[in-house]
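Enquirer: Residue numbers (the numbering used here), protein chains in the order written: chain V, 32 to 349; chain B, 1183 to 1990; chain S, 146 to 342; chain L, 139 to 367.
Since the hints were made in silico from the structure, they are not lab data. By construction, the Cβ of each residue, glycine as well, lies at the ideal position given by its N, Cα and C atoms. Some clues are possibly wrong.
As the list claims (entries may be wrong) - Here are the computed lysine-lysine pairs in the DSSO-like style, where the Cα-Cα straight-line distance is at most 30 Å:
1. Lys318/L x Lys316/V
2. Lys1940/B x Lys1909/B
3. Lys1356/B x Lys1930/B
4. Lys316/V x Lys231/L
5. Lys1940/B x Lys1356/B
6. Lys231/L x Lys249/L
7. Lys316/V x Lys243/L
8. Lys292/V x Lys351/L
9. Lys267/V x Lys1356/B
10. Lys1959/B x Lys191/S
11. Lys1930/B x Lys267/V
12. Lys348/L x Lys218/L
13. Lys316/V x Lys348/L
14. Lys269/S x Lys1548/B
15. Lys348/L x Lys243/L
16. Lys1909/B x Lys1930/B
17. Lys318/L x Lys218/L
18. Lys218/L x Lys243/L
19. Lys243/L x Lys318/L
20. Lys1356/B x Lys238/V
21. Lys269/S x Lys1958/B
22. Lys316/V x Lys249/L
23. Lys1909/B x Lys267/V
24. Lys1940/B x Lys1842/B
25. Lys218/L x Lys316/V
26. Lys351/L x Lys223/L
27. Lys238/V x Lys1930/B
To be verified - Residues from chain V shown here face chain S by an in silico Cβ test under 10 Å; the list is partial:
28. Cys75
29. Asn86
30. Asp87
31. Glu91
32. Tyr155
33. Ile159
34. Asp161
35. Asn163
36. Asp199
37. Arg200
38. Val201
39. His203
40. Lys211
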Amino acid sequence: MRGEQVNLQNIIARSATTVPSPQERTGGIDPVTKLIDVSRCIGCKACQVACAEWNDLRDEVGNNVGEYDNPLDLTPNTWQVMRFDEYENEQGNLEWLIRKDNCMHCADPGCLEACPAPGAIVQYANGIVDFNSEHCIGCGYCVTGCPFDVPRISEVDGKSYKCTLCSDRVFHGLEPACVKSCPTGSIMFGTRDDMLDLAETRTNFLKRRGFDNAGVYNPEGVDGTHVIYVLQHADKPGIYSALPENPSISPMVSAWKGVTKPLASAAIGLAALTGFLHYATAGPKEHGEDDEQAVRDDEARQREREAREERDEREGRP
Amino acid sequence: MTNHWVDIRNADLIIGMGGNPAEAHPVGFRWVMEAREHNDARLVVVDPRFTRTAAVADYFAEIRTGTDIAFLGGLIHYLIESGRFQRDYVLAYTDASLLVADEFGFEDGLFNGYDADNGEYEMEGWQYQYDEDGHALRDETLQHPRCVFQLMRQHYSRYTLDVVSSVCGTPREKIQHVWDMAAETAAPDKTMTFLYALGWTQHSIGSQIIRTAAIVQLLLGNMGMRGGGVNALRGHSNIQGLTDLGLLSDQLPGYLTLPDDDEQDYEDFILERARPPLVPEEISYWRYYERFHVSLMKAWYGDAATEANNWCYDWLPKMGEDLYDILHTFERMHQGEINGYLCQGFNPLAAFPHKAKVTEALSRLKFLVVIDPLRTETAEFWMNHGEYHDVDPAAIDTEVFRLPTTSFAEEDGTIVNSSRWLQWFWQAAPPPGEAKPDTAILAGIFLRMQRLYQEEGGAFPDPILNLHWPYRRPEEPSPEELAREYNGWALEDVFDEDRNLVVRAGEQIEDFGFLRADGSTACGCWIFAGCWTEGGNQMARRDNSDPYGSGQTLGWAWSWPANRRILYNRASARPDGTPWAANKAVVWWDGERWVGNDVPDFPEDSPPEATQGPFIMNQTGRGQLFARDRMKEGPFPEHYEPFETPIASNPLHPDNPLAKHNPGARIFPQDRENLGTFEEFPHAATSYRLTEHFHYWTMHNRLNAIAQPEKFVEIGESLAQELGIAKGDRVRVSSKRGHIDAVAVVTKRIRPLQVAGKTVHQVGIPLHWGFLGETKKAHLTNTLTPSVGDANTQTPEYKSFLVRVDKL
Amino acid sequence: MTLRVSRRQFFKLGAAGMATSSMAMMGFAPDPAIASIRHFKLTGAKITRSNCTYCSVGCGVLIYARGDAAINNIDDIYHVEGDPDHPVSRGSLCPKGAGLLDYIRSESRLRYPQVREAGSSEWKRISWDEAFTRIARHMKDDRDANFITENEEGQTVNRWTTTGMLAASASTNETAYCTHRIARSLGMVVFDNQARV
Amino acid sequence: MSLAKTDPQLLRYGVWTRLLHWLVAISFVLLVLSGLPFFHPFFWSLTGLFGGPTMTRILHPWIGLFLSLLFVLMAIRFFKESLFKRHDVQWLKQIDDVLTNRDEKLPPVGKNNAGQKLVFWVMLLCIPLLLITGVLMWQPLVGEEVPITLRRLASVSHAYLAFLAIITLIIHIYSGIWVKGSFQAMVRGRVSKAWARHHHDLWYEEEMEKERKHREISRRHASRRGESP
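Generate the whole structure from the sequences, applying the supplied hints.
Expert: Right, here's the structure in full:
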């Protein structure tokens, strides 16, 4: 079966689409989730390389700026980066916190909400939020919509790119490339339920090893994400290269894309209609015969006065 | 590895020391993570830097580079004095109870018999006390002052917590904590494993560091156990295989060795190697040495090898030196004593110490042949690469041939991983352009030489003219043919002691037990015997089932020897044949024979009552706490300072300059002149690899170049502050031998150490990046490293040297 | 003239306007946006089981190539990933293994034999036959000139110490074994590999 | 009925004014048509008018830039006559009389009535802001460099401002259709005195006064030549 067909029946949300996508056939589909256990990450970047290899991405060869991070940030050709932090904990012990940063595949995706191009961003029944470059117009709204600053616009084709959670692999029964490559089992993949269970197990393990604040990062602000973290210090996500405390779609974006859209559009239509109805009831505004008359009278009076003055001059009257 | 990758998951304590497994072997490291998660194991890292391994470790202790013997010697001291060692194991399975010759002694950092003039030991006294049958005397109470145990106890009594702390620069409490964790594994149901790599081998005392670890493991009863062992993670994909096949100056396949000049007589040559047991009834498996040697000569010289000519004994070159190792070779090359050199998939200009010397040496060659899939710095050593490699081609008369060969993806064959697994792989595509497999290239050269000798004659042509060459396509021997050859086959019918026919003429042999010394068998590498039997290619087996849940997967590929996965596994059972602990059981005596979840490393039918020792390759049948005359710098490991040390003297022997550095190490005059002092080069430097790169290969790969694009050095925050260096600044790192420029990574992960009452800063220097490839051009790290090696292996001291750091 | 619009005319205008715009809507309407995942790139690939060539963990890898090894086709490797059957790696790979593709297809791969003549500053392409012949000649000349059959003490030593070799510890056992038997038959002792570096 | 007796003779908008107005008007309409699709998918198919979605995205900002430039000139031209006067306020108070055509009750009106002045001021407010917010979110030229919060602010304000401007536009256009003769005024430039007197009596008075003076002067010249019978 061709991917398109698989998809068409499994898209539960489409960007810039007012009517609901087919939802009925989601019964048998388990949402998927990628778990990233930061406590097991050695920052080897296997995931980063595997991602580029699978997705045929070759970024520029950059520079070293005095840290292990490279590439330094997400780009249209780098859909995930490892972010390294040297953190001294309360006991004064050094911890090397290494976080794999990529699209979180929000259950309530800000990019999708912001996108004006129908079908350029879709959310599959399994939870993957995918960019469909063919329909992307490169307006950059997805960037403003994303609470995690993930999408990147290409200077080459002006289109927006980000991690697809290897939707092509997942739809063919494989795990994402990054997950498969991970040497330490820091990245795991499976159904949402299984991953949430595993996350709990891993959290308990960390608590047994003295990380009392260990926990799962699965932010409610975006109805949870299909990429979740296990953090040693879930109480302060900020120390992991500024992982947002409690991310949600910016109120500004909601204000712009939420109710405003339909209401304003309606208002515009309404305005036109009102005008039409007003014309039909009150009728046009036009000057009448009286104005014409008045003007003629004015002119007549004027001519009279001028004639009189001429006469007076001729007769030399004072 | 004595054990194997998956077995690490059975460990209770993993010590990452002298290695950085997460960085260098991430996938093998998976089994450490599994041990932590499923076996509640702890991971301890002892390293100069807080490494990627440390990032996921349960405990980290910093240490000054090159002081591991002190750290582990102290552990030995602690285990013995606190009685926290596995006494039954030590008594039964080690040479602790054997008595040592009276001449043996140790004074002020030197063992007896040191000849200061030529820097060598006379090792005569380094022996046991023997009775008239040549058997060692024993004291089962371990109380005799001359027994190995007591001598060892005395030797390490100097390694107190304070001494160790001042030598290593590791805080006392951290040392004690690691020692305690290790001591816990003295329990029979607990095992600890050492994961090490070049961080132990690349020191002037490398071999002895590893010996120290082995002693610790014997004391704790962790050898031959599940989740135990001393595990060399090893470097290249087939470095294990090349070692097994003996591609080293003094070796022959299967750890057989070449004769030296004095071994003019074949019988003596064999007797010296076919070692008799030193303890009654022990197996001492090397006693069968001649079977392996003769079978090898039959494989190489076929019918030309006869009893009459001692199986072509004189066709083997004899060693005029201990080793013709690379340091020795490049010294001679530098002297102009070498005319030709072949580099097969090897990049000495980048990989050998003191690059300037290597460049000069190569420039004095008449011809250089580089066989490689990639461009290498070595092949272009004559080419001017600006500031990174500034030479004048016109002044270099070396004729350089560059021959393109296949990559792994374009050939069939096997490689041996560090678990000793021979794994067969298949060709996926043809090589690019005109590239040929190495076998075709070597055959191409050899067959032409052979023809020239046929036509013109020349110096000692016999071995060349008679080299057995039975391959279907002589110009390109196939991997299958070669593999069948090193497995071995019967030239004539082979019979056992009772005259039963066990192998028919022409059949592949099943294991080395069938080899004969009478010329009726041929075998290219006796330890590989069994890899390609009449049953076919065992190395291509892909049954990954693990019926015992022990992680042995006996049906996957083929492991030497005899498909055995854990060496010395007899030691996993008590002397009475029952496992030390159910959760650690590997093999056990079932009343008639040895059985278990691995191939027993022991005669299958030797009952416990026979009390044969588990270390069957040793003459004592026991683990050697006392190395006798096998180690150049002494039977017990002793700490000596690196040849470039940041402190003035060896804190253990401050008053004996002879005992400052390894007394057994060899160093050439010019190289000694090129050693720096801490006055001029104050910082201790260590070179290493990163996980994003593999040596000087992956800098040619776009994907890896992206992941780690530019050369950098790691500098601790306090040193950086001292030198006014900020993250991202360009710095110049200089040693007595040259300088490199790189970006500074300023980090909390390298802390200053208090060593012998002095603050020592360490500088980390990754070695990838050169002046070729996709990454940013850079100076080669080995511009800085000193040309001095380990006394036994001559492995260069890449891990400990002195540098100065300047901001650019 | 004056533009005068009566009520009726206005209705007409309105209607016309509506018509045009809605025509625009229908006429110019873009294709319905169909979401589609990327084509699954492994479809129809030739899969070969292999082992990573880098470190000594010996991870299993699967090499995906286009082409069926037909005589008229030169197969082209385009993807490498971990072999899930492998007991050690279980499908995972490190960043080096994950990037194997770019090693196989590296710009720096050598494609034909070359020689750099003494004092020259450039490579010259040569044939395999020329390469083999010249190298064999060099080696034989050096061996004949410097082979030591007896040392100073008159002991038989039969060694060749003026030409050396470094063997590749990333090459196969078969290559290594073949290399070893050749090197020793020549009497070479200056012979080493990465194991001691 | 016929208004033919008094033909247009008063010049209301000069040629440059008209040109400016229509250029601005056209670009404004194009902006609305190309902008609406990004505002609500309901208008998506309008992108077809501009050669597809991406082309629409590319064109929109350039048209906007074009409009802004012209609008500057236009604003200068209309500024003075758009200043509010007391009677304008009164006019606005009686907006219901305006809408129900009870013009006789309305206060006197100058050249522009309060409604027209409002349009001017609303546009003067909206267009510069639309320009700024538009530039802030301009992909790929500017976008990437602007901090994300600012871009979000820009996006939302751009939408609201556009809405305001569009509503104003609709009212403006409707008035043009509703008030007979004003459309012609912007097309031809001239209006009839009657129209002027009805919709802009103050302006009408001014114009008549000008005309009277003009004729008087010309007559004086004639008499000095002293023609006699």
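Enquirer: If you take the shortest Cβ to Cβ gap from aspartate 199/V to chain S, is it below 10 Å?
Expert: 4 Å, holds
Enquirer: Should the hint that cysteine 75/V touches chain S count as held when the rule is a Cβ pair under 10 Å?
Expert: Holds, because the Cβ-Cβ distance from cysteine 75/V to chain S comes to roughly 5 Å (cut-off 10 Å).
Enquirer: Regarding the pair lysine 231/L and lysine 249/L, is the alpha-carbon distance no greater than 30 Å?
Expert: 19 Å, holds
Enquirer: Given the proposed pairing of lysine 1959/B with lysine 191/S, does the C-alpha separation stay at or below 30 Å?
Expert: This hinted pair is violated, its Cα atoms lying about 37 Å apart.
Enquirer: Keeping to a limit of 30 Å between CA atoms, is the pair of lysine 1356/B and lysine 238/V held or broken?
Expert: 23 Å, holds
Enquirer: Should the interface hint for lysine 211/V be scored as holding, given a Cβ-Cβ cut-off of 10 Å against chain S?
Expert: It holds, given that the least Cβ distance between lysine 211/V and chain S is near 5 Å, below 10 Å.
Enquirer: Sort out whether lysine 1930/B lies within 30 Å of lysine 1909/B, counting only the CA atoms.
Expert: Judged against 30 Å, a Cα distance of about 11 Å means the pair holds.
Enquirer: Does lysine 218/L sit within 30 Å of lysine 318/L, going by the straight-line distance between their CA atoms?
Expert: With a Cα-Cα distance of about 25 Å, the restraint between lysine 318/L and lysine 218/L holds, given a limit of 30 Å.
Enquirer: Hinted pair, alpha-carbon criterion (30 Å max): lysine 243/L, lysine 318/L. Please report holds or violated.
Expert: The given pair, whose Cα atoms are some 19 Å apart, holds under the 30 Å limit.
Enquirer: Quickly compare the C-alpha distance for lysine 318/L and lysine 316/V to 30 Å and report which way the hint goes.
Expert: 6 Å, holds
Enquirer: Do the alpha carbons of lysine 348/L and lysine 243/L lie within 30 Å of each other, as the hint requires?
Expert: It holds: about 26 Å lies between the C-alpha atoms, which stays within 30 Å.
Enquirer: Can the restraint linking lysine 316/V and lysine 249/L be considered satisfied, given a maximum Cα separation of 30 Å?
Expert: Answer holds: lysine 316/V to lysine 249/L is near 17 Å, not above 30 Å.
In terms of the numbered hints stated before, the structure departs from hints 8, 10 and 31, listed from lowest to highest.
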